[in-house]
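Trainee: As a plain string of letters, each chain reads:
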Amino acid sequence: MENLERIIAECPFFAGLDHAYLNLIVGCASNVRFEAGSYVFKEGTPADTFYLIREGKVAVEIFAPHRKPIIVATIGEGEIVGWSWLLPPYVWKFHGHAVQNVRAIALDGKCLRTKCEENHDLGYEILKRLVQIVEHRLDEARFQQIDVYAVQR
Amino acid sequence: MTTAAILEPMTPLLHSVREVVKETPDTFTLTLQPENGAPESSFQPGQFSMLWVFGVGELPISISGDPGKQDRLVYTVRSVGKATNAFVSQKPGADVGVRGPFGTGWPVEVARGHDLVIVAGGIGLAPLRPVIYHVLSHRADYDRLVVLYGARSPRDLLYRKELASWARQRETQVLTTVDYGGLSWRNHVGVVTTLLKFARLRPARSVAMLCGPEIMMRFVARDLEAHGLGRSQIYVSMERNMKCAVGFCGHCQYGPHFICKDGPVFPYEQIGPMLDKYEL
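Top to bottom, those sequences are chains A and C.
Each residue of the first sequence is one higher than the one before, counting from 1 in the working numbering.
Each residue of the second sequence is one higher than the one before, counting from 154 in the working numbering.
Be a bit skeptical, because a hint or two may be false.
In silico DSSO-like cross-links for lysine-lysine, where the CA-CA straight-line distance does not exceed 27 Å [to be verified]: (1) K93(A) to K42(A); (2) K314(C) to K175(C); (3) K350(C) to K93(A); (4) K175(C) to K235(C); (5) K314(C) to K350(C); (6) K68(A) to K93(A); (7) K128(A) to K350(C); (8) K235(C) to K414(C); (9) K68(A) to K314(C).
Because the hints were derived from the structure by calculation, they are not lab data.
Turn these sequences into a full structure, and let the hints guide you.
Mentor: As structure tokens, this is what we get:
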């Protein structure tokens with residue numbers, strides 16, 4: 001547990017988080033591994049986990065009928081993947097595909113939601129940090145959408 | 154600028170096409186060599202030439218070759234119109250006129266003794282490749298070299314073999330990303346700014362050189378500033394419709410600057426405020 005708490009505290013997402021909150025979070029955490037090529041999560045399945053990537057890379061993949069899957073982002077070391085665990089209906093909207101061997105901390109979504117409900121200060125801390133990630137990912141998606149490498153005419 | 158270019162900046166010197174390499178479906182690298190005793194051409198990384206495709210027109214193109222190899226001039230060109238298409242369709246042995254080199258180069262002397270952070274988007278890697286060649290052939294003069302490169306898709310990446318070979322050099326980090334990857338792509342997916350969080354940056358001792366569409370450079374500069382680089386540590390290469398290349402005609406005027414003569418490489422603290430203005 002002590003080791004898990006240290007790993008979580010070193011994750012940029014939880015940087016500077018109060019020790020008491022880390023103590024609460026570590027109760028929802030476990031170490032997980034995914035082999036390259038396997039799925040971390042699949043679209044339409046229950047989003048019951050939140051991952052802190054320690055090593056490797058997860059591709060966020062969109063399933064497109066009659067087309068090859070489209071990878072729209074990769075999530076790497078030190079980053080987090082997944083916020084569907086926080087919002088109803090708690091279902092993954094995309095596939096998460098390990099493109100390399102992945103080591104991660106898995107945080108049980110239901111456990112974390114319960115603790116956030118019981119302790120709104122913890123809930124607000126996590127929400128503030130998640131919103132920052134959502135904002136960055138939205139910026140990146142907008143940036144992709146405008147096709148920045150196109151030739152200027 | 155070479156002696157010939159200073160004396161006769163408007164007169165093209167005859168060169169012949171030595172080699173044509175297809176880099177991507179629409180981008181080609183052409184190697185030219187001087188003909189009829191035309192002098193060898195020395196250039197600074199970041200400078201450009203005016204290339205005459207006889208019977209078609211003239212193109213401003215950045216030099217993408219090794220500044221240490223003065224017996225040839227190398228250009229990487231994306232075919233996007235009549236003149237560029239005519240240029241990339243040239244066969245070995247064909248004649249091309251060359252004026253230049255023109256413009257300011259990348260500040261390789263300012264960067265000496267520092268980490269060098271190169272951020273390129275799309276064909277923007279071409280004008281920065283001479284800097285990479287320069288650093289790798291003067292390795293002891295520079296600290297860490299970080300190359301961050303983004304393109305639309307894996308098939309749009311330039312110089313893929315060289316990227317892999319640069320990544321194997323000591324104290325060199327090369328990260329590539331694409332906007333949309335397929336299943337066989339094992340690298341990053343996302344815009345080029347997403348690479349900054351994986352880059353081994355030491356902001357206080359870095360000089361950054363950016364080249365790509367202006368919108369990309371603006372976002373990259375903003376994020377580099379957020380990572381702790383000052384505007385004075387960032388340089389960008391601008392692109393405009395250059396005609397005379399010596400500051401006479403005014404085609405490439407950008408605010409108070411002529412891109413051909415005062416640029417194309419500018420300190421970001423000089424050009425940054427203008428990139429925030431609409432329709433300039």
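Trainee: Next step is simple, just say for each hint if it's right about the structure.
Mentor: Hint-by-hint comparison with the structure:
1. K93(A) to K42(A): Since the Cα atoms of K93(A) and K42(A) sit roughly 8 Å apart, the hinted pair holds (cutoff 27 Å).
2. K314(C) to K175(C): Since the Cα atoms of K314(C) and K175(C) sit roughly 13 Å apart, the hinted pair holds (cutoff 27 Å).
3. K350(C) to K93(A): holds (25 Å)
4. K175(C) to K235(C): holds (18 Å)
5. K314(C) to K350(C): holds (24 Å)
6. K68(A) to K93(A): holds (17 Å)
7. K128(A) to K350(C): This hinted pair holds, its Cα atoms lying about 20 Å apart.
8. K235(C) to K414(C): holds (26 Å)
9. K68(A) to K314(C): holds (26 Å)
Consistency with the previously given hints is maintained throughout, with no hint failing.
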